[in-house]
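Enquirer: Sequence:
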Amino acid sequence: MLIEFFHYLTTPASLTQRRLGYLRESVLLMSRSRRRHAAWAAHLDASRSIIRQASADLVRRRTTVILGSGLLDDVPLPYLAECFEKVILVDMIHLWPARLAVRRYTNVTLQVADLSGCVDWLRGEGERCTDPLAFLDREEIDFVVSANLLSQLPILPLDWFESRGRSIPDGLGRSIVMNHLEGLTRLRGRVCLLTDVEQVTEDRKGRVVERFDLLHESALPAPDRSWIWDIAPFGEIGRGNRQHHRVHAYADWHMAMHRPT
7 MLIEFFHYLT
17 TPASLTQRRL
27 GYLRESVLLM
37 SRSRRRHAAW
47 AAHLDASRSI
57 IRQASADLVR
67 RRTTVILGSG
77 LLDDVPLPYL
87 AECFEKVILV
97 DMIHLWPARL
107 AVRRYTNVTL
117 QVADLSGCVD
127 WLRGEGERCT
137 DPLAFLDREE
147 IDFVVSANLL
157 SQLPILPLDW
167 FESRGRSIPD
177 GLGRSIVMNH
187 LEGLTRLRGR
197 VCLLTDVEQV
207 TEDRKGRVVE
217 RFDLLHESAL
227 PAPDRSWIWD
237 IAPFGEIGRG
247 NRQHHRVHAY
257 ADWHMAMHRP
267 T
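FYI, in this note's numbering the residues of the sequence shown are 7 to 267.
Please note that a few of the clues may not be correct.
[Claimed, not checked] Pairwise CB distance ranges (calculated):
| # | residue 1 | residue 2 | range |
| --- | --- | --- | --- |
| 1 | Ser169 | Glu133 | 19 to 29 Å |
| 2 | Arg170 | Ile234 | 29 to 39 Å |
| 3 | Ser169 | Arg67 | 37 to 47 Å |
| 4 | Phe11 | Val65 | 39 to 49 Å |
| 5 | Arg194 | Arg245 | 20 to 30 Å |
| 6 | Glu88 | Asp126 | 33 to 43 Å |
| 7 | Phe240 | Glu91 | 41 to 51 Å |
| 8 | Ala62 | Asp219 | 24 to 34 Å |
| 9 | Pro227 | Asp51 | 21 to 31 Å |
| 10 | Asp143 | Glu31 | 24 to 34 Å |
| 11 | Gly171 | Glu133 | 18 to 28 Å |
| 12 | Glu242 | Glu131 | 36 to 46 Å |
Hints listed in this document are in silico derivations from the structure and should not be mistaken for laboratory results. Ideal Cβ placement from N, Cα and C applies to all residues, glycine included.
Please model the entire structure based on the sequences and the hints provided.
Expert: Laid out in structure tokens, this is it:
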């Protein structure tokens with residue numbers, strides 16, 4: 007709790023980021039990641055591996071952008087910093103572990119961005135942005151990674167309506183997911199997409215208690231790789247249940263789009 011309180015107090019974050027829950031969720035994710043380091047290790051290793059694989063044969067390595075860089079646990083930062091002229095880490099919140107890691111590299115920078123396209127809209131300042139990735143429309147960006155981010159984008163916007171007892175606009179979750187996928191499609195460089203697609207809750211006898219579509223009925227093509235992320239072992243969400251997520255990975259999203267779902 008003391009470590010969490012330290013991050014709440016000292017992490018650079020605007021009042022809006024705090025009020026909408028972005029700082030809270032980032033700190034909670036950090037704590038969970040540290041508690042479940044062993045359970046998450048295979049997932050994080052697989053994520054880093056496919057990022058390296060996806061960028062291995064690139065002819066030009068000017069700028070790479072990591073969307074949803076978070077704690078950098080699933081990002082092979084030393085590899086990217088060595089292989090690319092410039093690395094840009096994009097997220098709504100950059101906690102101190104990431105900020106300190108970046109200081110080792112002269113070619114790595116942090117950028118704050120609302121990748122859901124909802125923040126100004128929820129504050130009552132304009133319409134919802136339907137292309138929150140438009141800022142990446144730059145010729146020098148050769149490689150973009152959406153790093154286990156897609157399923158997270160709708161969570162806080164949906165919570166905003168629920169916590170206020172207001173009706174959620176029809177299709178909001180799916181719209182946020184599709185806007186991100188369409189934004190990735192429009193990018194010029196190679197795009198590597200990592201995303202969890204389904205959450206399964208099981209009891210101690212292995213019986214499925216619940217299945218939840220993390221992408222709000224947004225269909226994806228067949229992945230290059232798929233694996234199970236043991237996100238909540240027994241004891242994390244209760245003594246009798248555990249949760250795992252199925253993760254899909256696409257080394258080249260532009261090529262994958264032409265496959266069947």
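Enquirer: Now tell me if each hint is right for this structure.
Expert: Evaluated hints:
1. Ser169 to Glu133: 19 to 29 Å: At 22 Å between Cβs, range holds.
2. Arg170 to Ile234: 29 to 39 Å: With Cβ atoms ~35 Å apart, the hint holds.
3. Ser169 to Arg67: 37 to 47 Å: Holds, at about 43 Å.
4. Phe11 to Val65: 39 to 49 Å: Between Phe11 and Val65, where Cβ atoms are some 48 Å apart, the hint holds.
5. Arg194 to Arg245: 20 to 30 Å: With Cβ atoms ~50 Å apart, the hint is violated.
6. Glu88 to Asp126: 33 to 43 Å: Distance hint for Glu88, Asp126 holds at roughly 37 Å.
7. Phe240 to Glu91: 41 to 51 Å: holds, 46 Å
8. Ala62 to Asp219: 24 to 34 Å: Given a distance of about 32 Å, which is inside 24 to 34 Å, the answer is holds.
9. Pro227 to Asp51: 21 to 31 Å: About 24 Å separates the Cβ atoms of Pro227 and Asp51, which means 21 to 31 Å holds.
10. Asp143 to Glu31: 24 to 34 Å: holds, 28 Å
11. Gly171 to Glu133: 18 to 28 Å: holds, 23 Å
12. Glu242 to Glu131: 36 to 46 Å: holds, 37 Å
Of the numbered hints given earlier, the model fails hint 5 alone.
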